[in-house]
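Asker: Heads up: the protein sequence lines correspond to chains E and A, in order. With the first letter of the first sequence counted as 1, position 55 gets the number 505 in our numbering; the numbers rise by one all the way through. With the first letter of the second sequence counted as 1, position 94 gets the number 423 in our numbering; the numbers rise by one all the way through.
FYI, nobody ran anything at the bench for these hints, they're computed from the structure. Every residue gets a Cβ at the ideal spot worked out from N, C-alpha and C, and that includes glycine. Each hint should be verified, as a subset may be incorrect.
[Said to hold, decoys possible] Every beta carbon over 10 Å from chain A, so not counted as near; a handful from chain E, in silico:
| # | residue |
| --- | --- |
| 1 | 462 |
| 2 | 661 |
| 3 | 701 |
| 4 | 757 |
[What the hints assert, rightly or not] Derived DEER-like restraints, expressed as beta-carbon distance ranges:
| # | chain 1 | residue 1 | chain 2 | residue 2 | range |
| --- | --- | --- | --- | --- | --- |
| 5 | A | 515 | E | 611 | 21 to 31 Å |
| 6 | E | 581 | A | 438 | 24 to 34 Å |
| 7 | A | 344 | E | 609 | 21 to 31 Å |
| 8 | A | 453 | E | 473 | 26 to 36 Å |
| 9 | E | 527 | A | 344 | 36 to 46 Å |
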Amino acid sequence: MSESMNQPIHDPILSIKNLTVVYKDTLFSLKKSRFSRPAVDGVSLDVPHRGTIGIVGESGCGKSTIAKSILMMTEPCGGEILFNGTGLDSWRRNRLAYYSKVQMIWQDPFSSINPKMRIQEIISRPLHNFFHLSSDEIAQRLHATIRKVGLTEDHLVMYPHELSGGGRQRVTIARALISEPILLIADEPTSALDVSIQAQILNLLKELKQDMALSMVFISHNISVVEFLCDSICVMYMGRIVESAPREVLVKDHRHWYTTLLFESLPNGPRPKERKFKVDLGELAVCEKGCSFAPRCIRAEKLCFESSPDLVEIGPDHFCACHFHA
Amino acid sequence: MKIDRKIDRKIKKYINNKKFLIGSCMLLVMVVLSLFAPLITGYGYDETFVGPALEPPSKDYWFGTDRLGRDMFTRVIYGTRISLISALTITSICFAIGVLLGLLAGYYGGVIDMFVMRVVDIFFSLPWVLIGLLVVVIRGPGLLSVVISLSLAYFPSFTRITRSVVLSVREQDFVIAARLTGESNANIIFRYILPNCFSALIVQASIIMSFAILGEAALSYLGYGIRPPEPSWGVLLQQSTNYMWDNSYLVILPGLFIVFTVLSFNFMGDGLRDLLDPRYKRAYE
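Work out the full structure, taking the sequences as your base and the hints as a guide.
Answerer: The structure is reproduced here in structure tokens:
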């Protein structure tokens with residue numbers, strides 16, 4: 451363990467280059483999709499060491515697919531992912547080493563832990579699998595971790611159904627952190643929780659990020675949550691990054707109309723003066739040739755339906771994919 | 330303290346379910362009868378001419394006597410032993426084989442699934458009497474033949490149920506999460522998936538128990554199973570058929586025992602299905 455921990459840490463710790471993922475029809479599927487859109491289409495992003503990247507976007511925009519690709523749960527069709535300077539293809543041969551350094555927090559704390567296991571077993575399983583530790587060492591790390599996430603020793607002998615949603619989410623965080631990973635993927639870790647609990651979990655993650663020198667990919671559909679936790683933010687729409695920028699820049703000076711829509715859809719966000727976006731009725735309109743957001747965008751002109759805008763740098767570290775970003 | 334109360338609540342939940350309570354009480358009666366059979370009657374089950382032959386039920390011979398003057402009550406309660414033992418053996422064997430195959434088929438899918446399920450389909454399509462006949466032809470009648478043939482006949486239902494439950498459990502987040510925590514396939518199957526299949530399987534086990542009792546009695550009745558003078562309920566019925574018009578008690582009383590035992594398992598199964606179904610949970614708590 452110590453050997454791998456002492457390896458120099460590559461910066462950026464995770465780098466995704468031109469990732470494309472397409473979900474194919476199964477061999478005998480009854481309904482053939484007429485037009486198969488890639489779930490993730492040419493996404494590139496870097497996660498700096500100890501940095502936090504937020505990915506925001508609506509349901510189906512490909513956020514979770516990126517998380518799945520990073521964790522080797524889907525096979526990408528194109529592009530590559532480098533973790534600590536090494537491609538995932540080589541990590542695939544050594545999954546245990548990879549998963550001891552890259553861990554994930556799940557969206558739904560009710561389905562992501564085994565209801566038939568006690569909390570102590572749930573949390574300590576990664577240690578049994580990744581490292582050869584004595585039972586004393588395991589107990590020691592178990593107790594240290596459980597305190598770190600704000601649970602007590604009393605919780606260890608309980609079963610998951612005896613805990614609340616927030617308590618369960620703390621358990622999944624403890625399970626992810628006990629192997630002392632360097633990269634944490636959080637896939638909407640607060641969206642299944644009550645608002646008051648959400649704040650607690652977010653504060654906990656922020657603290658842990660500091661204490662454990664974690665790099666993090668934080669995925670959410672709620673831009674205010676991402677804003678709270680992340681150094682830089684990527685906004686995704688239909689499998690593509692449409693705007694990415696450091697947090698302050700994105701909050702104050704967002705240029706893409708979809709980012710504007712996300713900010714305006716916050717409960718306490720800026721009120722739009724007039725309705726800027728067409729309301730979708732039924733199936734989401736898809737524009738095959740041009741900008742994928744064009745059917746919903748009020749600024750859309752003929753150009754938008756004809757050619758797809760590239761992601762261009764419009765300021766320092768500020769990228770935007772819109773013909774009318776100015 | 331806290332744990333005590335929790336156990337209390339659990340027990341109360343089971344007692345409040347009438348079907349489960351009645352079923353388990355009925356079963357308890359049968360188990361006590363079979364365990365303490367030698368204490369309950371003074372006769373041996375193959376002791377002939379303890380009284381006059383074909384004597385109707387009386388104070389001395391509660392269920393009457395058969396044509397060899399053997400006490401029917403003694404024979405019936407010794408028959409309980411054979412019935413329960415064979416039912417338990419058959420169900421455990423079916424459970425072990427069926428659940429293992431179902432786990433493999435459901436978890437790995439693909440070619441393994443295809444192969445296992447086609448084998449299971451073959452056994453599903455054979456009537457159990459035919460399987461019984463086949464086994465008897467190969468290795469002669471006896472308790473072991475009954476166990477083998479009924480195990481072969483009933484294990485497919487476990488495989489089917491296990492596979493279908495595994496298919497739904499397998500897709501849950503905690504199984505995917507288990508893979509991320511470095512669990513091996515064997516660990517995922519036995520620590521994560523199997524414990525979450527149990528409630529469906531326990532219900533199925535209680536149903537197969539009653540099937541096994543009926544099956545054993547039927548095979549013995551046909552002469553493929555337990556042989557006389559061993560007092561299986563099937564044997565008792567078969568030996569009494571010649572006298573059933575004049576001495577109907579000879580068939581009615583063993584028949585009632587079969588009904589009673591099968592009903593006890595069915596009630597228990599029904600009750601367990603309600604108790605273990607998470608959707609009913611709130612109603613009992």
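Asker: Using the Cβ atoms, figure out if residue 344/A sits within 21 to 31 Å of residue 609/E.
Answerer: Once the Cβ atoms are compared, 22 Å apart, the range 21 to 31 Å for residue 609/E and residue 344/A holds.
Asker: Return holds or violated for the Cβ distance of residue 527/E and residue 344/A against the range 36 to 46 Å.
Answerer: violated, 58 Å
Asker: Classify the label on residue 757/E as holds or violated, using whether its beta-carbon is more than 10 Å from each beta-carbon of chain A.
Answerer: holds, 39 Å
Asker: Would you say residue 462/E is clear of chain A, with no C-beta pair closer than or equal to 10 Å?
Answerer: holds, 22 Å
Asker: For the pair residue 453/A and residue 473/E, does the Cβ-Cβ distance stay inside 26 to 36 Å?
Answerer: holds, 35 Å
Asker: Between residue 515/A and residue 611/E, does the C-beta distance stay in 21 to 31 Å?
Answerer: holds, 26 Å
Asker: Residue 661/E: least C-beta distance to chain A exceeds 10 Å?
Answerer: holds, 21 Å
Asker: Falls inside 24 to 34 Å, the C-beta gap from residue 581/E to residue 438/A?
Answerer: Distance hint for residue 581/E, residue 438/A holds at roughly 31 Å.
Asker: Using Cβ atoms and 10 Å as the threshold, tell me whether residue 701/E really stays out of contact range of chain A.
Answerer: Check passes; 32 Å lies beyond 10 Å.
Hint compliance for this structure: hint 9 is the single one not met.
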